[in-house]
Amino acid sequence: MTPAPLLAVRDLSVRFLLPGGRRVDAVSDASFDVAPGECLALVGESGCGKSVLASALLGLLPANARTAGHAHLGDLDLLTADERTLARTVRGRRVGLVPQSPAAHLTPVRTIRSHIEETVARLTGVRGRAARRKAAEQASLRAEFPLDHLDRHPHELSGGLAQRAVTALALIGGAPLLLADEPTTGLDRDLVDRTVDELRRHVDDGHALLMITHDLAAAERIADRVAVMYAGRIVELTDAAAFFGSPGPRHPYSRGLLEALPERSFTPVPGLPPELGSLPDGCAFAPRCDRATDACGALPPFADSVACHHPVTAPADASHATRTPEDTRA
Amino acid sequence: MLELRAVTAGYDRRAPVVRDAHLTVTPGEAVGLLGPSGCGKSTLARVAALLHRPDAGEVVLDGTPVRGFRHRAPREQRTAIGVVFQQPRLAADPRLRLADLIAEPLRATGRRASAAERVRELADTVGLTPDLLGRRPHEVSDGQLQRACLARALSLEPRWLVCDEMTAMLDASTTAALVRVVEDYRASTGAGLLSVGHDRTLLNRWCDRTLPWEAVTAG
Ligand code: SF4
Numbered sequence: 233m234t235p236a237p238l239l240a241v242r243d244l245s246v247r248f249l250l251p252g253g254r255r256v257d258a259v260s261d262a263s264f265d266v267a268p269g270e271c272l273a274l275v276g277e278s279g280c281g282k283s284v285l286a287s288a289l290l291g292l293l294p295a296n297a298r299t300a301g302h303a304h305l306g307d308l309d310l311l312t313a314d315e316r317t318l319a320r321t322v323r324g325r326r327v328g329l330v331p332q333s334p335a336a337h338l339t340p341v342r343t344i345r346s347h348i349e350e351t352v353a354r355l356t357g358v359r360g361r362a363a364r365r366k367a368a369e370q371a372s373l374r375a376e377f378p379l380d381h382l383d384r385h386p387h388e389l390s391g392g393l394a395q396r397a398v399t400a401l402a403l404i405g406g407a408p409l410l411l412a413d414e415p416t417t418g419l420d421r422d423l424v425d426r427t428v429d430e431l432r433r434h435v436d437d438g439h440a441l442l443m444i445t446h447d448l449a450a451a452e453r454i455a456d457r458v459a460v461m462y463a464g465r466i467v468e469l470t471d472a473a474a475f476f477g478s479p480g481p482r483h484p485y486s487r488g489l490l491e492a493l494p495e496r497s498f499t500p501v502p503g504l505p506p507e508l509g510s511l512p513d514g515c516a517f518a519p520r521c522d523r524a525t526d527a528c529g530a531l532p533p534f535a536d537s538v539a540c541h542h543p544v545t546a547p548a549d550a551s552h553a554t555r556t557p558e559d560t561r562a
Numbered sequence: 005m006l007e008l009r010a011v012t013a014g015y016d017r018r019a020p021v022v023r024d025a026h027l028t029v030t031p032g033e034a035v036g037l038l039g040p041s042g043c044g045k046s047t048l049a050r051v052a053a054l055l056h057r058p059d060a061g062e063v064v065l066d067g068t069p070v071r072g073f074r075h076r077a078p079r080e081q082r083t084a085i086g087v088v089f090q091q092p093r094l095a096a097d098p099r100l101r102l103a104d105l106i107a108e109p110l111r112a113t114g115r116r117a118s119a120a121e122r123v124r125e126l127a128d129t130v131g132l133t134p135d136l137l138g139r140r141p142h143e144v145s146d147g148q149l150q151r152a153c154l155a156r157a158l159s160l161e162p163r164w165l166v167c168d169e170m171t172a173m174l175d176a177s178t179t180a181a182l183v184r185v186v187e188d189y190r191a192s193t194g195a196g197l198l199s200v201g202h203d204r205t206l207l208n209r210w211c212d213r214t215l216p217w218e219a220v221t222a223g
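If you read the protein sequences in the order shown, they are chains A and B.
Using the numbering used here, read the first sequence as starting at 233 and increasing by one per residue.
Using the numbering used here, read the second sequence as starting at 5 and increasing by one per residue.
It is worth saying that the hints were derived from the structure and are not from the lab.
The model shown is predicted, which means the values in this text are computed figures rather than measured ones.
Just to be clear, a hint being listed does not mean it is correct.
[Claimed, not checked] Distance windows between CB atoms, simulated: (1) A:R342 - B:R140: 28 to 36 Å; (2) B:D128 - A:R298: 35 to 43 Å; (3) B:E143 - A:T321: 31 to 39 Å; (4) B:T133 - A:R254: 15 to 23 Å; (5) B:R213 - A:D314: 30 to 38 Å; (6) B:T133 - A:Q370: 34 to 42 Å.
[What the hints assert, rightly or not] Some chain B residues flagged as far from chain A (calculated, every beta-carbon gap over 10 Å): (7) E33; (8) L110; (9) A119; (10) D128; (11) R140; (12) V183; (13) R184; (14) R190; (15) A191; (16) R204; (17) R209.
[To be verified] Covered by chain A, per the in silico footprint, the following chain B stretches (three or more residues, Cβ under 8 Å): (18) 62-70; (19) 172-180; (20) 213-221.
Where a beta carbon is used, it is the ideal one built from N, C-alpha and C, also for glycine.
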């Protein structure tokens, strides 16, 4: 059985209020859990709301954002916690962030050692120069950052080592939950594999990992479960082996996304995603969906791992000809 | 033909990032160049797109050796090549609306009058809806901006396309969509392609032949 969740997100919504009374529904009714020793990959195309969701969990939304729902990390609700609590007890201590772009996250004029020692001083009780130095070296080793590179500056590191440096920083506070935001963007495939394998090691050590990514191959390599986001909603949440293997995704969008891979049929999902500022009342995927019917004018509830009126039911079922239970009832 | 002959290039003559590179793309052909990041393949792509002057060697375009690079490249050579980069945000002027971004090459070559019509056509080709054309780069997603950058690259109907990690930042569906746009364009015009990247699966699927970096350069 899966252990009790470390992070429990329920009906999380994020709206941005814009001048002129406009409203952007960036995230709508997202619910999921992440347990210790488990990796949940949140996948979707850019602009689908997945990065906003990550910012909401870290309390890093801009001032014009309004949230609803809950995101329980133990007894704390991340959505209602005040900035002081988030800054002092959450970020780095209970949630470690592995950022998208290591280069942008590190200060160019400081060495990696200085970054790590500063974080050690800020997040742990270690005092004294020698002790801090030792703790910094231990932190580096945990992320397999080579000690003989500690005195280098960020620009003197390869992409892979820069990624390890920021991972070392994310691990220092002993945070049980790791949040990785597109950690493999721009990396070569070999390096992607290595980066996700290293993250997986921290999961196997007992961390809970929420990985946000548009890279399906990286998700397949690391995740226990996959959540697919489309137009701000989680449209499918399922076991990674079932999703990437057999029977495959059940939501038409997930299926299309996976089929678009060059190792599969390399066929794009037709059309563009809708604007988050003017979402339809019903299923947001309907204009692009070849299974859409009149029923899709109503918002499909999330049930049995998928939010769709006509989910794909069996691996062979690629046409609308096969009847789904909903069809039979209609 | 697009030929790179014994090209050595970089940013410091004492430490070139590309040494003695040889590469030929024949008309209508799609050639993939596969290499890890930081190997110098982006520099070579910039040389092929006439955006970076090599320290040694030459680029021969349809039989004519290229004498000038960047703004010194003769217009008919410069406009024969369309180029798309990895990061649309670095390649697009943030002040321009997408329509103006796509129209830049048209205006720069005196095709102002027909630009609006052509922009609509190009937007349709790359799958951008008309409402997006009035937006500025920060108001659209990476995928939408890259579609606009591809439209700009196609605007002058180049005989050659150079794509430098065009899809590295994009999701699977947008990747497949943009590759399809490039391939449809090539099928209708016979344009040749040099696509530089690190994703072997993608390049093998996309290109007629894919060369590893080691096969092209001396290091
Ligand atoms: S609810 Fe309807 S339109 Fe939406 S994905 Fe399912 S079948 Fe397609």
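Each hint tested on the structure:
A C-beta distance of roughly 34 Å is found between R342 (chain A) and R140 (chain B), which places it inside the suggested range of 28 to 36 Å. At about 37 Å, the beta-carbon gap between D128 (chain B) and R298 (chain A) stays in the expected band of 35 to 43 Å. In this structure, E143 (chain B) and T321 (chain A) meet the distance hint of 31 to 39 Å, their C-beta atoms being roughly 36 Å apart. As the Cβ distance of T133 (chain B) to R254 (chain A) is approximately 18 Å, the hint placing it in 15 to 23 Å holds.
As the Cβ distance of R213 (chain B) to D314 (chain A) is approximately 59 Å, the hint placing it in 30 to 38 Å is violated. Restraint check, T133 (chain B) to Q370 (chain A): a C-beta distance of roughly 53 Å breaks the suggested window 34 to 42 Å. Every C-beta of chain A lies more than 10 Å from that of E33 (chain B), the closest at about 19 Å, which supports listing it as non-interface. Residue-level check passed: L110 (chain B) sits 24 Å from the nearest beta carbon of chain A, beyond 10 Å.
With a cut of 10 Å on Cβ distances, A119 (chain B) stays outside the contact zone with chain A, its closest approach being about 23 Å. Distance check for D128 (chain B) against chain A: the nearest CB is about 12 Å away, which clears 10 Å, and the non-interface claim stands. For R140 (chain B), the requirement that its beta carbon stay farther than 10 Å from each beta carbon of chain A is met, with the minimum near 15 Å. For V183 (chain B), the non-interface assignment is contradicted: its Cβ lies about 7 Å from the closest Cβ of chain A, within the 10 Å cut-off.
R184 (chain B), annotated as away from the interface, has a beta carbon of chain A within 10 Å; the closest lies near 6 Å. With a minimum CB-CB distance of about 15 Å to chain A, R190 (chain B) clears the 10 Å threshold, and the non-interface call stands. With 10 Å as the threshold on Cβ separation, the claim that A191 (chain B) sits away from chain A holds: the shortest Cβ distance comes to roughly 15 Å. Some Cβ of chain A comes within 10 Å of the Cβ of R204 (chain B); the nearest lies about 7 Å off, and the non-interface call is violated.
Under the 10 Å C-beta cut-off, the non-interface status given to R209 (chain B) relative to chain A is violated; the minimum distance is some 4 Å. Coverage of the segment 62-70 of chain B by chain A is violated in this model, with 0 residues showing a Cβ closer than 8 Å to a Cβ of that chain against a need of three. With 9 residues bearing a CB less than 8 Å from a CB of chain A, the segment 172-180 of chain B meets the requirement of three and the coverage assertion stands. Coverage of the segment 213-221 of chain B by chain A is violated in this model, with 0 residues showing a Cβ closer than 8 Å to a Cβ of that chain against a need of three.
Of the hints listed earlier, those the structure fails to meet are numbers 5, 6, 12, 13, 16, 17, 18, 20, in rising order.
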